[in-house]
Amino acid sequence: DTITLPAGQYTFSAYVRATTNVTGGNNPGAYLQVTGASGAILAESERVTKKGAEYIRLTAPFQLDAAGIVRVHVMLDGKGDVNVQAAQLENNPYASAYNLLRNSNFEHGITEWSANSSTAVIVSTENCFNMSKAADLGQS
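Under my numbering, the sequence shown has 115 at position 115, and the numbering climbs by one with no breaks.
Do not take every clue at face value.
[As the list claims (entries may be wrong)] Using C-beta positions, here's what the derived DEER-type ranges look like:
1. D65 <-> T23: 36 to 44 Å
2. T119 <-> I69: 31 to 39 Å
3. E107 <-> I3: 29 to 37 Å
4. G52 <-> N27: 13 to 21 Å
5. M75 <-> T4: 30 to 38 Å
6. D65 <-> T111: 28 to 36 Å
7. R71 <-> A120: 30 to 38 Å
8. G52 <-> I3: 38 to 46 Å
No wet-lab data here; the hints were simulated from the structure.
Quantities reported herein were computed from a predicted structural model and do not represent experimental measurements.
Ideal Cβ placement from N, Cα and C applies to all residues, glycine included.
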């Protein structure tokens, strides 16, 4: 999602669960990334690489010294399958319950989201965190 924000402290977060181990490449894993209008990386979260039964909340806090356009990404480097749920962007240096993203729970499919050409994205009613749908990302 791309959004224009005023100067301030923000946090992009999402709940992520690997349904298979994520392998391959130099730094495999599912993670969150925030970029500026020029494509410069403003923040990245830790990476989820191991198959797990529980969702992990990833966070990517960042600061804007002036108003600007940012783009939030849910990334998958390597091969594997992950579930993503409850993505949110908030005007706060820490993750909380407030949400600025549209369709962050994927209840309306992938409306407001896009995928790169090497990542398959489907909306599933299985393996959901706290709503009736989740985005499943996979690369082969």
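Tested hints:
{"no.": "1", "hint": "D65 <-> T23: 36 to 44 Å", "verdict": "holds (38 Å)"}
{"no.": "2", "hint": "T119 <-> I69: 31 to 39 Å", "verdict": "violated (23 Å)"}
{"no.": "3", "hint": "E107 <-> I3: 29 to 37 Å", "verdict": "violated (19 Å)"}
{"no.": "4", "hint": "G52 <-> N27: 13 to 21 Å", "verdict": "holds (19 Å)"}
{"no.": "5", "hint": "M75 <-> T4: 30 to 38 Å", "verdict": "violated (22 Å)"}
{"no.": "6", "hint": "D65 <-> T111: 28 to 36 Å", "verdict": "holds (32 Å)"}
{"no.": "7", "hint": "R71 <-> A120: 30 to 38 Å", "verdict": "violated (20 Å)"}
{"no.": "8", "hint": "G52 <-> I3: 38 to 46 Å", "verdict": "violated (30 Å)"}
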